[in-house]
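So you can see what is in the structure, the chains are spelled out below.
Number of protein chains: 2
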Amino acid sequence: MTGYRAPLADFNFLFDELVDLEAIAGLGNFDIVSRDLVRQIVEEAGRFASEVLAPLNGSGDREGVKFQDGNVEMPEGFKAAYRQFVEAGWNNVSVAEAEGGQGLPRVLSVVLEEIFMAANKAFNMCPSLTLGAIEAISKAATPELKGKYLPKLVSGEWSGTMNLTEPQAGSDVGALRCRAETQEDGTFRLFGQKIYITFGEHDLSENIVHLVLARLPDAPAGVKGISLFLVPKYLVGDDGTANTRNDVHCISVEHKLGTHASPTCVMSYGDNEGAVGYLVGEPNRGLQAMFVMMNSARLTVGMEGIALSERAYQQALEFARERVQGTSVARKGEPVAIIQHPDVKRMLLTMKSQIEAMRATALAIAQAIDFSNHHSDPAVREKNRAFADFMTPIFKGWATETGIELTGTAIQIHGGCGYIEETGVAQHVRDSYIGTIYEGTTGIQSIDLVGRKLMMDQGQAMKAVLADMRACEADLASLGDKVAKMRSGFSAAVNALEEAAASIQQQFGQNPEDAFAVSVPFLRLAGLVIGGWQMCRSLVAAWQSDTYRENKFVTSNFYCSHVLPQALALRSVVVAGAATVSEVAESDF
Amino acid sequence: MTGYRAPLADFNFLFDELVDLEAIAGLGNFDIVSRDLVRQIVEEAGRFASEVLAPLNGSGDREGVKFQDGNVEMPEGFKAAYRQFVEAGWNNVSVAEAEGGQGLPRVLSVVLEEIFMAANKAFNMCPSLTLGAIEAISKAATPELKGKYLPKLVSGEWSGTMNLTEPQAGSDVGALRCRAETQEDGTFRLFGQKIYITFGEHDLSENIVHLVLARLPDAPAGVKGISLFLVPKYLVGDDGTANTRNDVHCISVEHKLGTHASPTCVMSYGDNEGAVGYLVGEPNRGLQAMFVMMNSARLTVGMEGIALSERAYQQALEFARERVQGTSVARKGEPVAIIQHPDVKRMLLTMKSQIEAMRATALAIAQAIDFSNHHSDPAVREKNRAFADFMTPIFKGWATETGIELTGTAIQIHGGCGYIEETGVAQHVRDSYIGTIYEGTTGIQSIDLVGRKLMMDQGQAMKAVLADMRACEADLASLGDKVAKMRSGFSAAVNALEEAAASIQQQFGQNPEDAFAVSVPFLRLAGLVIGGWQMCRSLVAAWQSDTYRENKFVTSNFYCSHVLPQALALRSVVVAGAATVSEVAESDF
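Taken in order, these protein sequences are the chains called W and Y.
Once you know that position 247 of the first sequence is 247 in our numbering, the rest is easy, because the numbers rise by one and skip nothing.
If you want our numbering, it's the position in the second sequence, counting the first as 1, plus 589.
Here are the computed lysine-lysine pairs in the DSS-like style, where the Cα-Cα straight-line distance is at most 25 angstroms:
| hint | chain 1 | residue 1 | chain 2 | residue 2 |
| --- | --- | --- | --- | --- |
| 1 | Y | K813 | W | K332 |
| 2 | Y | K655 | W | K66 |
| 3 | W | K139 | W | K224 |
| 4 | Y | K921 | W | K224 |
Residues of chain W clear of chain Y, computed beta-carbon distances all greater than 10 angstroms:
| hint | residue |
| --- | --- |
| 5 | E97 |
| 6 | A98 |
| 7 | G186 |
| 8 | L216 |
| 9 | N295 |
| 10 | D475 |
| 11 | R549 |
To list a few chain Y residues with every Cβ distance to chain W over 10 angstroms, as calculated:
| hint | residue |
| --- | --- |
| 12 | F604 |
| 13 | R628 |
| 14 | G678 |
| 15 | A687 |
| 16 | K728 |
| 17 | K741 |
| 18 | S744 |
| 19 | N873 |
| 20 | H963 |
| 21 | A975 |
| 22 | Q1133 |
For the record, the hints were derived by calculation from the structure and aren't laboratory data.
All C-beta atoms, glycine included, are put in the ideal place defined by N, C-alpha and C.
Please put together the full structure from these sequences, using the hints given.
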């Protein structure tokens, strides 16, 4: 088991060369943003993650959570770590100052998310979901509800959850049946069962504030009849005290492949008199409010793919440097650490290059979110919102799928030792497999991408991205012969993406089933090429720098040679593969 | 949790249309082979697997093995199942009749391996390793040793193990230190520790016969100083009784990611007076004898990839048929089972088509092994041996890597439910990750392929395979327009393989490090294209058949459109990707 160190060099590169910190500081909302301060915060977060969170990652996995009589006991050490986390204010860095948070830009909070998740993904699920609850309440709740609930959610004394799924309503949220009965005092009573509720019950915080989707008595069927309710574990009196137990209970926790230290609860609402709930936002418009949380959560889930890959990479790299096995191919007969073996080097580069590509992409999205929220020019806001909306499903699907592959590569680098749980690397793989499922499976992301994002504004978002890629291609050309091969690889990949996008738009127009038969390959293609774009962008930016040039040359060069060629294969699948799915009937299986 | 049914339709297709059963029957060794008998045996094995082994797969995983005071207790039900397995004779179907086995051809035993591993991989590790021990003893031991040990290994009363790995000697077997001291009576005393010994200790059989690699006192360093010893748990007296405990003990069992019901033991030899051992084969030639076992075991490990994928596929298919979620894209608004969703169909086809491709490949290798062992014409024997030797590392690496991907796809089809251990599909993923490691990692397979198999006989084996692929391409052309697209896809993939093979041979000649930097992508490429070849071969064979034509059209068509295009990407990596690895120094990470 190895520790974790925040990859400061790459973060520094991104904030020095790729992120426009000056412009973000100039937005007015983040006047405290300076390069030095950013470095300081990231380093401090890294220290906290290494010292407090990372040591509990393996023990939390082995111990898991204990469920008894409706209560969930967290693993040893988690309570103390949560207290320290909250006292240091790491829980609300991204919350607006007006709400009592620290108002850091998304471009910084996304990096902190990576760090905390790499150190201890299960732990980080709790504050991460609380942020979603804060966001929804801030946006849609009445001033009274805000006054009662926000301050303690922001302080971390209380935590929050999202309650969507029911046994018959997973990806199909519209099928949910949980019902809310109107009361004379304007409150509601909720009845029903919710499953897969992360941190639905636990002992880290004093109170738990559930945001619950349910149907009002007169609600229309489907997604247009869903309302959002705030249902606290303990009801809050007018004096702010929370002592009365509400009729919402955890009735079991799931035994999962991974993230054992994150309780996944079955929640029962209204077994007795009904769970008291308060409407958040307008009746029957709950899904819109919830989507606010989900969109933001999808970027966060994508970060898991990076975080777990980075953690696994650090462990694999350390192992590869220490493990002596076999002899050098180049210097015959000399025993060497396995990092000297070409295939091990290839595997490490496969990890490192894709981690850097995903990370640069995440920051580009986060920066666009900051601009879209705070820029003074509505046109700039709109352009950035379109970019972030377009990129989010791609990033979420691509980064989580890649996370599974890369954590698996770390097992392979460890050989037999990787299969032994004590080594700790298998945990990262187990923890990864949920990322491609929650907040919408990869298939759901691809439907959002192809059915909505690719089509919005007549494909403007896609066109804008392609134009930026072409500009990057031209920048790359200016770097000379050393990058000529890289440029031609990137160029071919951009062509592949452009052709595939045109083809899938056409297919969608003719027969949506065809487009959805190849929408996941299209998402993968888009992710891969966007990653290549960010690596080329990184190289162009690093070219002028003494510090980062060689590092970015190694990884972008590898990415263009070993990863990007897949774009050609995926293009072919997207353009010509739909029929071999659409023509197949259920009886053919 | 679902059951398992042997995929009889595909087995029947293979034996009806693709395997040359008449020729195998004509070899003289397998005179009992007829189409009816083969069907009967496969059906019976399927029934046994479904009824006896499959129900213990999940419970064995949850319960795991218990280690106490040097003893290993197997999970509930395993002992009774083993007794039934042995009584039915499933343990020795592939052992020659002369040795007391049933002398079935490899082409049939490989199918039985798939069936038993799909039903319960952990269970099957025990008889599978025993077969390896039987093979090594048959080939290399003295008549006296054979007389004492073979009959009870063949009957299943005793089981066998392979002991290679030591903490400092994994892939690098030559680094092993376990030593054997010569005794005056011609026996040896062994001292040392072995790790990762599958079924090194357990309570299924009365005695355990360890085959152990160790060094004689005067042995040269490295792989040329390794000898093979037979070391029984209980020493066998001249009357055949085995009562005296030998000085070999299990000192712990590993806690692994998967295959929990297969004990992975740390074995200590000679803690006291030394473990009595008997030399098998010539001194210092132990590795050759062990390689006999390993080569055969690599085909078996490849079968795990198929078996676990098939089991996961059956479970995913059942779930996809039953789970109603969302509405039809084609018939708007109508609730449908998720198998109707294009992306779910795509995932199921991704599994089914690759499983069929791997299975057809396995049978082609197995048939070649039968011919290579028993054909009357030495030239035919030699040609088939070269084919099997060439194909084995490709198949092992490709099938096990694909097994990880496809079992993961089954989780994705299940959505959130797939992440819950009770569902049972996550076990298949956990069980898969060891396949790419033991009997040589994928990297080791690729070194064998590129450094040895591709180069042997001036690349004749590769050339012969390419020639067969070209012939298949021509056959495909004769099927007409319906397969035109498929043919062009296959054609492009064969070209890609041919170019990549030429390139990697050239690179190996100039600088082996370069070749090894892209040897795994080359292995994947070879596996993919070989799979395509077998699917096209299958389609050609099925074309005349009323029974199989549509089925094989669906899967071969999908394979050519969705899987084979990766060949283009991998070709590019092999041809142009080495420098981006070779130029990277350890300090660049």
